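J.: Kindly produce the complete structure, drawing on both the sequences and the hints.
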Amino acid sequence: MSVTMSPKDFATATPSWWCPGCGDFGVLSALKQALAELGKQPKDVAFISGIGCSGKISGYIHSYAFHGVHGRALPVATAVKLANRDLTVIAAGGDGDGYAIGAGHFVHAVRRNPDVTYIVMDNQTYGLTKGQSSPTSATGYVASVSPDGNPDTPLNGLALALAAGATFLARGFSAQPKQMVAMIKAAIEHRGFSIVEVMSPCVTYNKINTYAWFKENTEDLTVHDGYAPNDKLAAFDALTREGDIPLGIIYKEERPTFEDRTGLPEAPIARLDLHPPREEFASIQAAYR
Amino acid sequence: MSVTMSPKDFATATPSWWCPGCGDFGVLSALKQALAELGKQPKDVAFISGIGCSGKISGYIHSYAFHGVHGRALPVATAVKLANRDLTVIAAGGDGDGYAIGAGHFVHAVRRNPDVTYIVMDNQTYGLTKGQSSPTSATGYVASVSPDGNPDTPLNGLALALAAGATFLARGFSAQPKQMVAMIKAAIEHRGFSIVEVMSPCVTYNKINTYAWFKENTEDLTVHDGYAPNDKLAAFDALTREGDIPLGIIYKEERPTFEDRTGLPEAPIARLDLHPPREEFASIQAAYR
Amino acid sequence: MIVNCVEVMFGGQAGDGSLTTGDLIAGVFKRMGLEVYTYKDFPSRIRGGHTNYVIRAGEHHDYGMADAVDGLVAFDLEAVEAHIDEMRPGGFVIFDNTSETIPDEVRRADVTWYEVPLGKMAKVDLGLELVRNTISLGVLGALIGMDPEIIRHDVRGVYQRKGEKVVDLNMRAIEAGENYVLEHFGDRPSGYGLVAGADGDRLIMMGNDAISYGALVAGCRFMAGYPITPATDVLEWMSKQLPKFGGVVVQAEDELAAITMTLGAAFAGVRAMTATSGPGQALMTEAIGLAGVLEIPVVVVECARTGPSTGMPTKTEQSNLNHLIYSGHGEIPRVILAPGTVRESFELTVAAFNLAERYQLPVFVLTEQALCQSKATLAPLDIDKVKIDRGKLIDDGEVVFGEYKRFAFTADGVSPRVIPGVPGGMHLAPGSEHNDAGVITENPRNRARMMEKRMGKLESMRPELPRAVLHGIADADIGIIGYGANRGPIAEAVQRLAAGGVLTRFLQLRTLWPFPDDDIKEFVRGAQHVFVVENNYTGQLMQLIRAVVGPLDALHGLRKYDGRPFRPIEIIEPIRQMAEVAQDDTAEVI
Amino acid sequence: MIVNCVEVMFGGQAGDGSLTTGDLIAGVFKRMGLEVYTYKDFPSRIRGGHTNYVIRAGEHHDYGMADAVDGLVAFDLEAVEAHIDEMRPGGFVIFDNTSETIPDEVRRADVTWYEVPLGKMAKVDLGLELVRNTISLGVLGALIGMDPEIIRHDVRGVYQRKGEKVVDLNMRAIEAGENYVLEHFGDRPSGYGLVAGADGDRLIMMGNDAISYGALVAGCRFMAGYPITPATDVLEWMSKQLPKFGGVVVQAEDELAAITMTLGAAFAGVRAMTATSGPGQALMTEAIGLAGVLEIPVVVVECARTGPSTGMPTKTEQSNLNHLIYSGHGEIPRVILAPGTVRESFELTVAAFNLAERYQLPVFVLTEQALCQSKATLAPLDIDKVKIDRGKLIDDGEVVFGEYKRFAFTADGVSPRVIPGVPGGMHLAPGSEHNDAGVITENPRNRARMMEKRMGKLESMRPELPRAVLHGIADADIGIIGYGANRGPIAEAVQRLAAGGVLTRFLQLRTLWPFPDDDIKEFVRGAQHVFVVENNYTGQLMQLIRAVVGPLDALHGLRKYDGRPFRPIEIIEPIRQMAEVAQDDTAEVI
Ligand SMILES: Cc1ncc(C[n+]2csc(CCOP(=O)(O)OP(=O)(O)O)c2C)c(N)n1
Ligand SMILES: Cc1ncc(C[n+]2csc(CCOP(=O)(O)OP(=O)(O)O)c2C)c(N)n1
Ligand code: SF4
Ligand code: SF4
Ligand SMILES: [Mg+2]
Ligand SMILES: [Mg+2]
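Protein chains in written order, with our numbering: chain E, 72 to 360; chain R, 72 to 360; chain U, -17 to 572; chain V, -17 to 572.
For the record, the hints were derived by calculation from the structure and aren't laboratory data.
Quick list of in silico lysine-lysine cross-link-like pairs, BS3-like style, CA-CA up to 27 Å:
1. Lys114/R with Lys374/U
2. Lys278/E with Lys144/U
3. Lys303/E with Lys256/E
4. Lys144/V with Lys201/R
Selected chain U positions facing chain E (in silico; Cβ < 8 Å):
5. Gly(-3)
6. Arg27
7. Ile28
8. Ile210
9. Pro261
On a predicted model such as this, the values are computed, not experimentally measured, just so you know.
The beta-carbon is built from N, C-alpha and C at its ideal position, and this holds for glycine as well.
T.: In structure tokens form, the structure reads like this:
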């Protein structure tokens, strides 16, 4: 039986804690839309988020939601998937959460390729702690802790993921809901680790990377005819060359998932019978005789 | 006055704890040779290492050596350089230290570009803890914790660094001392963060990636005429395409160092006079009146 | 009754400007010659969500909130509902009645209600809704008698850089507020008569400002940190100032990097520090152990907030003490200093840097949201008194290679320490156990000796540690022990209890580790009852005291763990009750 | 004197095969019907560096080393020099004199020296230097009377998979050793007469094996870990077995990932665990707090080693207790169980999983290198006794959305727990403070109540916690308290002291947190002296006891912190001395 779902089925009663106009609203509604269109049910969705304004999103998606510690959403999500393959596992967090404190886990999640979708809500700043530079802040971005401008070169999370062996990379913009919905759906349907980086403006602190700025400085990859998201070198080029920020599905490849490679059984291990035939235990003991 | 130095000037009295034949011996002697050829003096070298068989190298280089905790050599090294720009700062560690537990710091050190040289002694295994898979172990590598073979795809540390904005990337092989010495010298002389990844066989645990295997499966990049280490896309291609593992200087670019961008004074801050004119302190207090 | 003392609470939604206005009010009180303490109760979100800012002002320097709120400036009904129970009978509420009305069940009869259409006045009369804060300032000022000239002067100061037009608008807003009071409520009907005192030369500072300033003056020239409430202030402050003094601040990728960077800089010879709060402190655990075994001097500022985990990030708590003392595998010497006032935040930070270098170990400055993010008035800080003592540091000249031993055994456990660049001093500093020369060894005799050397420093340093402060009546039967932000409410409780005939004495601990066993024993001796006041559930300080004096019946825990600081009455009441019950009991405890 | 009890030490260089030979000897002893305990003293390096492997065998199950070494098999002079002082007068040394000679100052006269050119015999006579270990086995067996058939049987077992040639070679090596003894020293001259007992059905296992097996039987089906000595064994064991039972093991990128993966799997409904040692445990600090506030059941095995920092990674210590109890910002309930034997390692691991799920919190199994990497003989483990109790888990059926509250307030503090996939149970599990439904709130009343709910579990669980074990004479004047690997040497000390007329009783703690206050009070009551035996510098257990019973004069710390476990005599001597001094003193302590 297939149930028709609506985005409202994924809404929670809790009022959001975001500032009016925050880019994260767009991400939230695209997510709910995508889940509904895919016919997912809240009980089968595990939603794991990091800490930050962005991380609060797990409180606004009606699902089994886990709002953990800063930077560790991906290990949690990977394990939830291993524990129960039947779940649709989605992780989300900010650019600080994913690319600063969480950078190591990010690289390793990519490498492992669990069937998890990761949404990076990139506002090029640390929103919740009041606007410090994040790894994606532009060089020279002025903030409380960098009064003379951010001295660092921004990190290119998607390029990093590509180098680490990503199998699905996309980038959206929170003011372009249609594209985002399509992208998130494709990401969830991708078998393997899928990353959707969303440009999600912080209207309170980031006065550089505003909605207007993104409109000016992004372009849809598909406008270049002939761009096919299956060439790693072309993807690296698209991600790293100077010029507008590319939006769209940037790269996609098939590779066995972590679940498959670890030889996990088909049924969720969360539901295993914990009482196998006692001989199986006894034979282990025999080896110590 | 320039002093002529010999590798022996960098030798310590402590006997090494490595297994006979370990690849790390080659790295050590190339390092001492390079430091001597550059005319460095032990007192001006700060050598920071991680934890692992490889990490023990700091005990065998006569210098100011710091043998810290697992995975954190790069933050220490970055800070030592900021604290005293006059020092030649070298960090070293294993593939586990740098690419597993240290992956986040690695990416961020690359991005910051401090004038530090980082030597990754890659034996594709965790030597000191007895041969488990490391991030660079081949898929299928059989070890105590992966009796059915390593399920993960190996991580390409240099490609990762390239994506993160590396300014100097080289790869050597511990059985090719000449090339290594040249490479390490170039790395130390490079203004910015320089990475030398050395294929350094673990003769005790890694029975796949042996000296013989490396001889078979590596090739010098310079054999391809026309390879110039200044094209990011070509470097990405060289690093990620199937085929032999490329050795040599893979990529090089100039970018302001972290020290320069943070506006550090020319003189070491470790030697600052801590008693500036009292008015400078007093004027700060006045702002709270 | 006309009183020269008031606690004002500003309540509204986060991000609506109450922060600026609260600071403004605090500044005006200060300039009027009153002593000020502020407390911020903000939600962990950027805009929206109930927020309040408490400003207490009076002639006495009490460092804490009063028993109750005198005047509440409520921008919405939520603020009234949340705080009406905290109002003093006889207090007053200024309520913005533009779009909401006070329901009867909320409208306490023992409180005066001044309803003012602040929003409407701002929007309709002045054309900018934002200025309703400034109007409320006019209203408040007129009601309780704040100096109108100082208000204008300070408001001008804040808006000057936005241009004359904005300043003008705000001036008219103040006037509108004042006039509204005159027209509707008459001249200063609230009963408060704030008398301008002699200002003298005073500062108003947050604890975090004082810590930062202390670090700078003490010679700190390197800081690495990662943003986290309520410690970010320190990172921000240092980012602004350190570069001017040749130093540098790094925003690290996480706290693991922040602390190991701090170690690296200190190893290289710079006075270095980091600042964090609970979650970050938890991540630093491993590296603190490294600092201990490498004998590297680092200062770690811990601005505690409500845990566990993310907890309530903007609320206060004293639940990190155990972590600072005990966390980490293996045993290292470490020092924990806990200031109780803004001035002490400065002084103990300076002490922290000297202790760290003299004894070559990590020193924590432990503070908490209710102190580090609270402003208070204080006399200027005497920077000439600050002495920098770098201990056995060799950063110049030369040592003899082979003779020099970085971890040499000495009487006080402290070995001469060279920094990179000094000729002859080359050595390995290993996190593994090592001999006096830094060579790694697993020899059992060396191991035992090294443990004794390192841990022995905790004893040799005792005479130099900041002593506990004794408040109140030296031989009173009832004792109180506490530290940190509780200094304020406890000290006030002691005075007020004395006024009511209950004599108490209060031992304010300033060094929490090594634990001041002798001071505690001495203090408890002869006391009939000892109250241990702390903001946590398990009684962390109490437990430490019990290990020193035993699990006495006369030890009473007074604990609060709802994220809010003590109000003095919460300390006074249980003690008063106990004193009444115990009136006849005159036996000594020890 | 012919004794049926021996402690053999195998000393040489790391990586030279002494591990295999040590295991072999232990197996032979076991099969001969003796009880065996082994202790590995390896350096933190792969090859080279002095190593020794101690095998103690006898009729009594003593779980620890003897006072001294009876027989040392020394493959080099370094081994002799390092351990000659640990030899029992009357003991013997088998020394490989192929290339080194014993200097006079080392050659103790009260020890018998059997010099055998093991290396030469191996290389020259048998053609393979590696077999010198097997030759030494022949020598040893002949000297002390190990069953030659069992030796052959076991050696065959080890080398079988290398082919018949290798087996043959090793058979000849055994014979060569035996013949050398016959020819040069006569038949069994050492004085030891090991009598083969009835083997019955027994196992020989390391603590880490028993923990792993316990976890498997208790239903653990997910493990994430990061290699670290001495915990890696558990990761390896589980990697081999879990997949066969449908489970999975992940080698994480670091310990931060390992513990958060464990939390993720447990949240999703799998019985999950991780295992680590000090440095890794330190890195897990933040996430343990998250487990506490999210009320997620996880089991964390801590295999302690010598700290601080890298310390001595292959040596033993009990210096992690404070960390496990107190680390982390904020306060959470947690449980710490500490097995004292291999059997208890199994049993308490099972208990850990049940407690974790029944009370929805992190449970630590605290062990240490001297127990978890030591082998011992034991009767078979009764797996039918194992009961899996998942507590208030709802992993099936359905709950009513809106009615169901994940963090519902209940009498015992434990709320019904659904797992993802169950219809109607959707909720947010936030590390921030939350209400019963999981909605984040900073309301002070809710906060206080939630703290009380969570922490209250520590009290409601008390009746279910593994009780302390009382050894020795129940009303003896002298008490001893200890836990973990010290169970063995203390229990032996109690017996031997009694034989010498000094009566003692020993309280072996098995639950270390929540701290067994009542057991401790009860035990200390009536004791004249209480010795607290532990392997650390600061007396972590002692401090906990002081907080319960006070800083009594009669509490004595017996501590060792050189990385090596206690030998029984180190406990016996101080107690005997005290007993002599205190003979007349008969007053009770409490
Ligand atoms: C271990 C730890 N360190 C620091 C913090 C404080 N903190 C909360 S959110 C955040 C960064 C937020 O930035 P980002 O991830 O980009 O999310 P955003 O708020 O911008 O959506 C930080 C540093 C924390 N909660 N935990
Ligand atoms: C926090 C922490 N976790 C785990 C360990 C144990 N450990 C020591 S070295 C090592 C890995 C070594 O691998 P690698 O970095 O590749 O160095 P190698 O020994 O191969 O040279 C590990 C996991 C540790 N010391 N600290
Ligand atoms: S601070 Fe920025 S990121 Fe956070 S809610 Fe407001 S607009 Fe969004
Ligand atoms: S174990 Fe491997 S990496 Fe370590 S010293 Fe031996 S050969 Fe080298
Ligand atoms: Mg962000
Ligand atoms: Mg390695």
